[in-house]
Structures are given as C-alpha cells and as structure tokens.
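J.: Listed below are the residues making up each chain.
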Amino acid sequence: MISLAGRDILHGWSKYVLTGLGLGLLIGVTLTMAGVYRGMVDDAHALLTNSRADLWVVQKDTQGPYAESSSIKDDVVRSVRGMPGVAAAANVAYLTMQVQKDGQDQRVMVVGMEPGMPGAPGYLVTGRHITRNHYEAVADVKTGFALGDTVRIRRHDYTVVGLTRRMVSSGGDPMLFVPMKDAQETQFLKDNDAIVNDRARTAANPAFNRPGSPGLLEAVQNLQTSSRSVNAVLVQIAPGFNPEQVAEPIRRWKHLSVYTRDGMEDILVVKLIANSAKQIGMFLVILAIVSAAIVAFIIYTMTMGKLREIAVLKLIGTRDRTIAGMILQQALGLGLIGFAVGKVAATFWAPAFPKFVLLLPGDSVTGLVVTLIICALASTLAIRVALKVDPGAAIG
Amino acid sequence: MKMTPQNSRRLLLGGLAVVLLGALAWVALRTGPLAPTKVQVTQVQKGSVSPTIFGIGQVEAQRSWMVGPTVAGRVLSVKVDVGQAVQPGQPLAEMDPVDLDQRLAALDASLARAQSAQQAAGAQVADAQARSALAAANLKRNQDLANQNFISAGALEARAQDVASANAGVAAAQANLGGSAQDITRLRAERAALAQQRGNLKLVAPAAAVVTVREAEAGTTVVAGQAVLRLIDPATLWVKLRVDQGRSAGLAPGLAARIALRSRPGELLAGKVARVEALADSVTEERLAMVAFDALPGGASVGEMVEVTLQLPATAESLLLPNAAVVQHEGKTGVWRLKDGTLEFAPVTLGVRGLDGTVQVITGLVEADTVVRYSQSALKPGARIAVVEQLVPAGAAK
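In order, the protein sequences belong to chains Y and R.
Final position of the first sequence in the numbering used here is 396; the numbers increase by one with none missing.
Final position of the second sequence in the numbering used here is 794; the numbers increase by one with none missing.
Heads up, a few of these hints could be off.
Listed next, with one range per pair, are the computed distances between beta-carbon atoms [unchecked claim]: (1) R261(Y) x E456(R): 44 to 54 Å; (2) T427(R) x H11(Y): 34 to 44 Å; (3) A670(R) x N222(Y): 20 to 30 Å; (4) A670(R) x S227(Y): 51 to 61 Å; (5) S227(Y) x R658(R): 18 to 28 Å; (6) A620(R) x R228(Y): 27 to 37 Å; (7) S227(Y) x Q592(R): 43 to 53 Å; (8) T427(R) x T202(Y): 51 to 61 Å; (9) K728(R) x Q104(Y): 37 to 47 Å; (10) G6(Y) x T427(R): 29 to 39 Å.
If we take Cβ atoms under 7 Å as the criterion, some of the chain R residues that face chain Y in the derived model are [said to hold, decoys possible]: (11) I452; (12) V619; (13) L716; (14) A720; (15) Q772; (16) L787.
Source of the hints: derived by calculation from the structure; they are not laboratory data.
Small disclaimer: the values here were computed from a predicted structure and weren't measured.
Every residue, glycine too, gets a C-beta built ideally from N, C-alpha and C.
Let's have the full structure, built from the sequences with the hints guiding it.
T.: Below, the structure written as structure tokens:
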C-alpha cells in the first residue's frame, strides 16, 4: 500500500521542509524561553550547591546573605565551630561590584572565602587554587578573564590563578573568588578621598581631639578604618546529624539566624527570583499559545491549498479515513520536524546567551508531546474542511 | 533502482531526515544534563616541593623616638623640620621657660646678697675677736692690779665676765659666718636645680636620627609626654610581617626572604627573618615576624606596604599533586581517581603546600595513579566522564 501522505510530501517537498524549518525555529524560541526560566532557577541552585554548605548562619532576623544584607563579626565562626554537629564552618563575604577588564566594566560577585573550606570553589577547569592569602583570585570563565590576568578591585591588583565554571550569583553574575581578608577590606574600604575627609572630620570633633589626651585621635581613626565583619558563616554538618538538629542550638544560644538548604532554596527560588520567573513564565505561556495558533494555521492553509486534489481523491472513491489519516500524518510529521529543528537550534544558540540557559530533557519531552497534541488538534480543523469538500469540485 | 526524479527526491528527503535525527541524538546525548562531564586528568608524580610562606607587612623603623617635654608648657621654638637629619645632642626645640629666667636672676641676687652677708659675718667675727683680745688684755692688767690689791675683787670679776662675754661674742659671730656659708650652698643648689629645669626645656636629639613628624609649632601648648617631634633612625628600617597562622608552618628566624615594596612591585629585595614575635595577633589570626633588609633600599618610606615571600628548604622526594585536583567530598579531603575507566573517590592526607599549587601527598595514592585535575562540574562516584586533553584552551597557571 502506498503512503498517501508520503507521496504528497514528495510532491511538494521543498514547501513542506521549509514550513517545518520555520516552525522549528519558532519551537526553538519557545524551548529557549523555557530554558531561560530553568536557567534562572538553576543559577539559584548552583549558588547553593557550589557553596557546599548545609547551613547558612547569618545576622539575626535577616534573610542574608543573598536576599538581604547580613553582617556578623568574623569571630562568630569560632563559636559556631564549637557547636554540636558542626563538621566545618567558614566565614564568607559576598559583594557584587564592577571590575575593570580591558577598560570595560564587568559585573561580578566577589566572594571572600578560605581555600578548602565551604564557600570556596569545589572544582576548577584550569589553573590552580589560591595559595597566597592575599591578592590572588579564582574567576568563573564567564567573567572572560584568562590565567595570569590582573584584575583591579578597589586599590589592589589581583592575579587570576585559576578558572572555574558555573559559579554564579543568584542573578547570574559570574563569581570572582578572593581571599577572605582581601574581601573584608574591599567590602568596607572607602576610597582614599573619603578616608582623608573622614580623618579631617574626626580631627575637627573636639570630643575626639582633646589637647589633654594625646593618642585618642589616632585610636579613633584606626577604629574607623578597620573592618571585622563578614556576611555569613557557612556550616557543613557532621555525618549522623540532621540540619535542623544542628541549626536549632545555634539559633537559640548564639542569637543568629540559621537557614538550612531547604530554607535557603525557599528564599532564593520562591522569594528572590519570583517576579522575574513569573515574567518569563508569562512570556512562555503566550509564546506557546502563539506557536500553537501558527501551527494550526499552517496546517489549515496547507490543506486548503490541496482541496482540489482531495476532491479528486474523493471522486475516485478514497475513503474519508484515508484522507483524514493523510492530513494527520502530515501534521504530525511537520510537528516532528519542527521539534527536532527547534531542539537542535535551541541547543546551538543557548550558549550564546549571556545568562545560563538550561535545556532539560524533561522539558524537551513535554515540548514534544505538546507539539504533537497541538498538531493533532490543529489537523482536526483541516480534516473537517477536507471531509466537507464536494467531490464535484474536482471537475467543476 | 533507477534514479528517477522521484527516487532522488526520496533520497534527499531521507538524507535530510537522517541528518536531523543524527543532530537530535547528538544534542540529546552530548549536551545538557545527559552529557558526560568533561575532565582533564593528571598522573601522580614524584618530586620535591619547596614550601613557601607568603605574607604582607609594612616597613617600620626599629628605633623611633617621640621627643616632648616632661612637664606641660608652651612651645617656644622648633628648630628642625621634617626630613632633617639630626646628631645626638643637637637642640631640636625649646619650651617657653615662662618665669624661670627671672627666678634664676632672683636667685643670683640672693646669692650675691648671701655673699655680702657672709662678708659681714666675717667682719663681725673680726670685731668680736678684737673685743675678746681687748677684754683679755684688760683682764690681765686688772689681775696684776688685783694682786697688788689696787682694785677690789669685784672689779676683777667684772673684767673676767667681760672676757667670757667677748669669747661668746666670737663664737656667735663664727656661727653666723658658718650659717651664711650654708645659705650660700643652699642658694647655689637651688640655682643649679633651676638651671637644670631650664635646660630640660631644651629638647635635644637622643641619637643620630631623622625627623619624621613635627607635631607642634611655636606657641602650641602641649601636655607632659606629648610629642613635639618624632624621630626615626633610618638605618634600622625593617619589615613587620603578618602571616596567616594556618599557613605559617616553618616560620623561623634566619629564613631568607624576598621583599617586594608596593612602590616597586617588580623589584625583589633580599632580606632575612630577624625575629619571630612571641605574641601572635589573635584577632586577625596572624603571626608576626620582623624581616630585616640585607641592604637598605633607598627611598623606602615607613608605613609602606610590602609583600614578603619566605623560602623554606625543599622537602624530600615524595608524591606530588596539583592542588586543583584536591576536592572535599562528604566531609573528606581527597581526589577523584580514575581506575579502569571508572571514577572513585580516594581520600588522601596532604603534607606541605607550595605557593605554585603543588601539594605533597602523604598517604592515599601511589605513583602513576591517574587522578582528575580539572572538571566541568562537581563529580560523583561512578559519574559518566569524558577525558579531554584541555578543558580551557589557555596558557598554564603562573
């Protein structure tokens, strides 16, 4: 038995292939949009996973360090290390800033960390980890830095000694890891003019600059420029403890807020990126509806163009089922071509996006099923028209 | 089959379908979450690592002085300026003496008056002695007369009493003279004390030094102990080095140091650890050491930041790893070892670390083990991997 659909496609193959290609690009855009949404969520998850922490200890009653600002003293980590169930704890400081790269600004999240501790990059793609406790940096490849580059942060030059991958903030900014002490200094260091102005202001204050107490002014000024704060303490828990069990005593006795991985995910995914995610989701829904409508119209016009041939088929006694099958097969074929082209296209252009685009296999399967269902539904419209056609139209 | 137009069209379409299916399969298996993780491997090798200690510090002067008055007062004049070299004993500044000079003049006058008083007392002694001599002569004459009974016994006793009075007068005059000499001694001592105080108002250089700060100008009132000038000995510049406690193993006096001044980052100066402080900074978790320059750099300023690298003796031959291969997995430190094509986590214990990123392996690996050096993402035991030559096409780490 010959395939009616195949014959018809062979007849007008260029039109069919080009239609499939166009449809494919549209499906590709829809898949990419889903990928952008997934990428956004994955950025948040990557931030949590890459910090390799089980608990986040932050300033009391804040949702830091990612969603809100949090500031705690850097010796808090010592008392946290002494709590039951804590296997490792490390200070960490985050600050988002612009750094100069070849005269162009590059937005990065500077992370102050202690090498080998939670918060430090877990793997590299090239170079080495930081070995000096000052002026070395490990950068995410997305920053565009290469090994040996010098990055200027505030008043110091940092040498890039290693590169890593997928280390991003929840907003998708690539990370730049620097030693803790440098990050502390960077975070709270004012520019030189501000420091000089502050000194003059303090010196003009008679309470700090008394003739009878030499040395007081210097002490006050030293106090103003030193910084002993960090944003959070990352905690890894010992085997055999559950996170809540370790978090509770720290909350109760150390008067700090503690978040578990679940709590942090809630803050990041549900609260922090909620609006932008909804924005993308809304766009995705509209795009899907538009795609479905276009598929339906394409198949409809395709059938309308063949009404004369269908009338001939009817005239020679072809069964309705065969005609309906032909249209359905063509529609599904179009859907399959479209999906395949779309998936390939999305995969090829996804890396060109500035932020991470994550194409999940599950999303692709859903996309395929939805495409086929839309094609099948759209073909019913065309089938109805085709079946209604008068065989007489073939000769009249 | 003949190549009819229909057949060629069929072939073309079939070809297109195969290409599309192939691309789809490649996309599904080679990218995204189903793709294998690309890794770059390295072999565990033997070698020696020369551990190094890195820290930052600042240039300080070993000897520095704060020169100021010992009592509160007003600055009269400051004779030297910042940057000037001074010699030991050189006057640097002077405090306002207020009334000290007048008090000295008063004491001088008192002294002169006391000397006059001494002369008067001397004259009184001479006078009393003359009286005494006259009384003695009178007594002697009256004794002769009394022996011949020319005068009464009463008259003789009156002469004897004259002599006793005259002698007492001499003693009194001599005591007076002694007293006036003591007065002079007291006044001299008082004057010397005052002169000492006056001298103390002159601030002099305690040693050969350079003036670094001129804190007060003429007319400024300063309290006792407050500095008017600060001096340093530029020949004793050294570096106060701060080293992270966790990475300070091996810090000891005598270690060779390479010092880079912030003003001259490309130039490495030689030095040596002169002293390791017994007290560490518990707040910053740093240890302190003083590093002396082998040859003093010209133009270094006190307070300038420096980077110091200390070279420790190389270790014996042992297994080495790049530190990029070391990962933390389930709370353990280890590496991902490739054994018969499968990935397994091998816990290791590490020894000294070099600044170039080499780490000494004590246990956990044997020579020529293949371990993952770089990976595209975090690995899991048994994860699908694809070994590639180079993950990032770039130069090697510095």
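J.: So, for every hint listed, does it hold in this structure?
T.: Cross-check of the supplied hints:
1. R261(Y) x E456(R): 44 to 54 Å: Distance hint for R261(Y), E456(R) holds at roughly 47 Å.
2. T427(R) x H11(Y): 34 to 44 Å: 36 Å Cβ-Cβ, so the 34 to 44 Å window holds.
3. A670(R) x N222(Y): 20 to 30 Å: Cβ of A670(R) to Cβ of N222(Y): about 26 Å, so the range 20 to 30 Å holds.
4. A670(R) x S227(Y): 51 to 61 Å: Once the Cβ atoms are compared, 30 Å apart, the range 51 to 61 Å for S227(Y) and A670(R) is violated.
5. S227(Y) x R658(R): 18 to 28 Å: Cβ of S227(Y) to Cβ of R658(R): about 20 Å, so the range 18 to 28 Å holds.
6. A620(R) x R228(Y): 27 to 37 Å: holds (34 Å)
7. S227(Y) x Q592(R): 43 to 53 Å: holds (50 Å)
8. T427(R) x T202(Y): 51 to 61 Å: Roughly 59 Å apart at Cβ, these two residues keep to the hinted range, so it holds.
9. K728(R) x Q104(Y): 37 to 47 Å: Between K728(R) and Q104(Y), where Cβ atoms are some 42 Å apart, the hint holds.
10. G6(Y) x T427(R): 29 to 39 Å: holds (32 Å)
11. I452: Holds. Min distance 5 Å.
12. V619: holds (6 Å)
13. L716: violated (13 Å)
14. A720: Since chain Y brings a Cβ to about 4 Å from A720(R), closer than 7 Å, the hint holds.
15. Q772: Holds. Min distance 6 Å.
16. L787: Since chain Y brings a Cβ to about 4 Å from L787(R), closer than 7 Å, the hint holds.
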